[in-house]
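There are 2 protein chains.
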Amino acid sequence: MPLPASSLLVVGSLAFDTLETPSGNAENELGGSATYFSHSAAWLAPKVRLVGVVGKDFPVRHIQEFKDRGIDTSGIRTVANGKTFRWHGRYGKDLCNAETVSLQLNVFGKFEPTIPAPFRKSPFVFLANGSPKTQRAVLKQVEKPKFVLADTMNFWIETEHAALLELIQHVDGLILNNAELIQLSGQPNVVAGARWALAQGPRVVVVKKGEHGAMLFADGEVFALPAYPLERIVDPTGAGDSFAGGFMGHLARAGNASFADMKRALVYGTVLASFACEDFGLRRLFALSEAEIEKRVKEFAKVVSVDLSSKGR
Amino acid sequence: MPLPASSLLVVGSLAFDTLETPSGNAENELGGSATYFSHSAAWLAPKVRLVGVVGKDFPVRHIQEFKDRGIDTSGIRTVANGKTFRWHGRYGKDLCNAETVSLQLNVFGKFEPTIPAPFRKSPFVFLANGSPKTQRAVLKQVEKPKFVLADTMNFWIETEHAALLELIQHVDGLILNNAELIQLSGQPNVVAGARWALAQGPRVVVVKKGEHGAMLFADGEVFALPAYPLERIVDPTGAGDSFAGGFMGHLARAGNASFADMKRALVYGTVLASFACEDFGLRRLFALSEAEIEKRVKEFAKVVSVDLSSKGR
Numbered sequence: 002m003p004l005p006a007s008s009l010l011v012v013g014s015l016a017f018d019t020l021e022t023p024s025g026n027a028e029n030e031l032g033g034s035a036t037y038f039s040h041s042a043a044w045l046a047p048k049v050r051l052v053g054v055v056g057k058d059f060p061v062r063h064i065q066e067f068k069d070r071g072i073d074t075s076g077i078r079t080v081a082n083g084k085t086f087r088w089h090g091r092y093g094k095d096l097c098n099a100e101t102v103s104l105q106l107n108v109f110g111k112f113e114p115t116i117p118a119p120f121r122k123s124p125f126v127f128l129a130n131g132s133p134k135t136q137r138a139v140l141k142q143v144e145k146p147k148f149v150l151a152d153t154m155n156f157w158i159e160t161e162h163a164a165l166l167e168l169i170q171h172v173d174g175l176i177l178n179n180a181e182l183i184q185l186s187g188q189p190n191v192v193a194g195a196r197w198a199l200a201q202g203p204r205v206v207v208v209k210k211g212e213h214g215a216m217l218f219a220d221g222e223v224f225a226l227p228a229y230p231l232e233r234i235v236d237p238t239g240a241g242d243s244f245a246g247g248f249m250g251h252l253a254r255a256g257n258a259s260f261a262d263m264k265r266a267l268v269y270g271t272v273l274a275s276f277a278c279e280d281f282g283l284r285r286l287f288a289l290s291e292a293e294i295e296k297r298v299k300e301f302a303k304v305v306s307v308d309l310s311s312k313g314r
Numbered sequence: 002m003p004l005p006a007s008s009l010l011v012v013g014s015l016a017f018d019t020l021e022t023p024s025g026n027a028e029n030e031l032g033g034s035a036t037y038f039s040h041s042a043a044w045l046a047p048k049v050r051l052v053g054v055v056g057k058d059f060p061v062r063h064i065q066e067f068k069d070r071g072i073d074t075s076g077i078r079t080v081a082n083g084k085t086f087r088w089h090g091r092y093g094k095d096l097c098n099a100e101t102v103s104l105q106l107n108v109f110g111k112f113e114p115t116i117p118a119p120f121r122k123s124p125f126v127f128l129a130n131g132s133p134k135t136q137r138a139v140l141k142q143v144e145k146p147k148f149v150l151a152d153t154m155n156f157w158i159e160t161e162h163a164a165l166l167e168l169i170q171h172v173d174g175l176i177l178n179n180a181e182l183i184q185l186s187g188q189p190n191v192v193a194g195a196r197w198a199l200a201q202g203p204r205v206v207v208v209k210k211g212e213h214g215a216m217l218f219a220d221g222e223v224f225a226l227p228a229y230p231l232e233r234i235v236d237p238t239g240a241g242d243s244f245a246g247g248f249m250g251h252l253a254r255a256g257n258a259s260f261a262d263m264k265r266a267l268v269y270g271t272v273l274a275s276f277a278c279e280d281f282g283l284r285r286l287f288a289l290s291e292a293e294i295e296k297r298v299k300e301f302a303k304v305v306s307v308d309l310s311s312k313g314r
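For the record, the sequence lines run as chains A and B. Residue numbers for the first sequence follow the numbering used here, beginning at 2 and rising by one. Residue numbers for the second sequence follow the numbering used here, beginning at 2 and rising by one.
Since the hints were derived computationally from the structure, they do not count as laboratory data. Just so you know, not all the hints are guaranteed correct.
The list treats identical chains as one, so a pair stands whether inside a single copy or across any two.
Claimed, not checked - Within a straight-line C-alpha distance of at most 25 Å, the following computed SDA-like cross-link-like pairs (lysine to any residue) qualify:
1. K264 to V298
2. K303 to F260
3. K264 to P119
4. K264 to A302
5. K264 to L231
6. K303 to A193
7. K111 to V80
8. K94 to W197
9. K296 to D220
10. K111 to H171
11. K299 to S259
12. K57 to T135
13. K145 to S310
14. K111 to F260
15. K147 to N178
16. K299 to A193
17. K145 to D280
18. K94 to E159
19. K303 to W197
20. K94 to Q201
The structure displayed is predicted, hence computed values, not measured ones.
The following block holds chain A by itself, in its conformation from the complex (with noise of 0.2 Å):
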């Protein structure tokens, strides 16, 4: 008999963003880590908890999308004299790497969660990118979840080294791009620099290699994903954090996090990651529904699988 589902929490930025990519501009899109995890866990997970904070320029609409999708948002504070966080990004022809054209972290800059009570039971924890200070910080309000996921990135592998060193050694798992795992580790590539992570202190390490999939490291063993296979990318800003919303979504749901439940989350980020590249910002994942997602993940299945028994015919 399956488990009840498990509450998911995340706490994280919301912002938004302009974006401008070769399929054209988008400006103040809806955007942020938490904004996108949420968004695909949600599709998931039915207990998702988001915690974070707004400037008095948030739309109350954005909120109601929150609550239509089941997102529990009692931990969105809103600063009454702050702007909300703003980024503004443009993509080159490859669409791999994004040049920050300008950036004002505004109310997000002095962001100090505070986890409400009723949050604070959360078997799942996704610490989205943001400092390691204030990342420790959330995970000490916390009472014994059973799986804690930490998100991070390369400002913070230079600025805050020591910190996010000692924020690793209290997390399961840790999700990091594949440049930012070579970085951190010092390791010549994502095998060796696995093997360095799970040395530091985490059970699980996940990392996002963007066009090329994602690798999953823990318990001795490793899975390897390919990409889901798109043909047009129109904006791969949030693809990141949808994937580790599909990732720790479907863990919430299995209310379980052993390799095998891994394996398939793995599968159910690549899916969430791809849908939401096809969109600028949230759009795609807004639009989405459950009959899509389950059509990709077998057509994914399908993508990798193969039956190595027949060697002749």
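Here the structure of chain A is known, so what remains is to put chain B in place on it, guided by the hints.
Positioned in the frame of chain A, the structure of chain B alone reads:
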């Protein structure tokens, strides 16, 4: 009942490489596309036929090494007053791209392959990286092959673009790396690039992505594999040709090139390429065993397999 294994013809280079990698250096190491390809394929296919050219400096012991692996060397021509192709490459820490320190084409520069009469009815043919005009000239000498795969590289895409486009109208499959496919097609990503390439004529496109795996596009389907997760890469030279050797070796052994055959062939290509990276030059391919190959195929199948049936615990 499986068909009897089919003959596999390869036309390409034999060389001496001087290699500099973070793991160390190797001088005058046996190399060349046809060399890696045939020594890789011979682990799977019993009838590999090699056509190439060497100088008087090519030691007879390397000819004997081919023979010892059952590779038919009667198509290797020795130019009495010439020297064998030499390449000197240097790899950076990430082992992704080699800087060419020096290159002497020597006898390979004037290579106009003549396919010996007994080789002309080879059902499986690999046109290793070389001038598209030369590749086309080879194709005119073989009689109704079942499956012809052609490799190419950035140099030919830039310098013999028209000849390359002409060539790929006449082959069953094109194999190249992801950057080359994007360059050749002018498309923004591999998936769109493969669609473009398939519209030019070939039934099959195989995309090599190095540490990120490989993709297969054919018959309206897509198959994708990550690379075998190696913690230590000593020398990636020849990995692409070893990959092609595993791929074509499996097809020749199967006597067929259905999509299911090609999926399995991609696994064998991945595994042979991973071995090739574990030591300088061909050393690891020489020291292999069938049992080691099958063991790694099984390990790799585990790395990529996921059971989606249980969504709960």
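| What label fits K264 with P119 when the C-alpha limit is 25 Å: within, between, both, or neither? | For K264 and P119, the Cα distance exceeds 25 Å both inside one copy (30 Å) and across copies (50 Å).
| Between K111 and V80, at a C-alpha cutoff of 25 Å, which is it: within one copy, between copies, both, or neither? | For K111 and V80, only the intra-copy Cα distance (11 Å) is at most 25 Å; the inter-copy one is 74 Å.
| How do K111 and F260 come out at 25 Å by Cα distance, when the copy is not named: within, between, both, or neither? | Neither: 37 Å inside a chain and 56 Å across chains, both beyond 25 Å.
| task | With 25 Å as the alpha-carbon cut-off, assign the pair K296 and D220 to within, between, both or neither. | result | between (30 Å within a copy, 21 Å between copies)
| Homo-oligomer pair classification [D280, K145; C-alpha up to 25 Å] | neither (38 Å within a copy, 47 Å between copies)
| message | With identical chains, the pair K299 and S259 could be close in the same copy or across copies; at 25 Å between alpha carbons, which is it: within, between, both, or neither? | response | The answer is both: 21 Å in one copy and 22 Å across copies each meet 25 Å.
| task | Have a look at K303 and A193 and pick one of within, between, both or neither, based on CA distance no larger than 25 Å. | result | between (29 Å within a copy, 19 Å between copies)
| query | Given identical chains, is K94 near W197, meaning Cα to Cα at most 25 Å, within a copy, between copies, both, or neither? | reply | between (34 Å within a copy, 17 Å between copies)
| query | For K299 vs A193, is the C-alpha pair at or below 25 Å within one copy, between two copies, both, or neither? | reply | Between copies only: 22 Å across chains, 32 Å inside a chain, cut-off 25 Å.
| request: Please work out whether the CA atoms of K145 and S310 approach to 25 Å or closer within one copy, between two copies, in both situations, or in neither? | output: neither (45 Å within a copy, 30 Å between copies)
| message | Treating 25 Å as the Cα threshold, decide for K147 and N178: within, between, both or neither. | response | within (24 Å within a copy, 42 Å between copies)
| How do K111 and H171 come out at 25 Å by Cα distance, when the copy is not named: within, between, both, or neither? | within (23 Å within a copy, 63 Å between copies)
Violation of the numbered hints given earlier is confined to hints 3, 13, 14 and 17; the remaining hints are satisfied by the structure.
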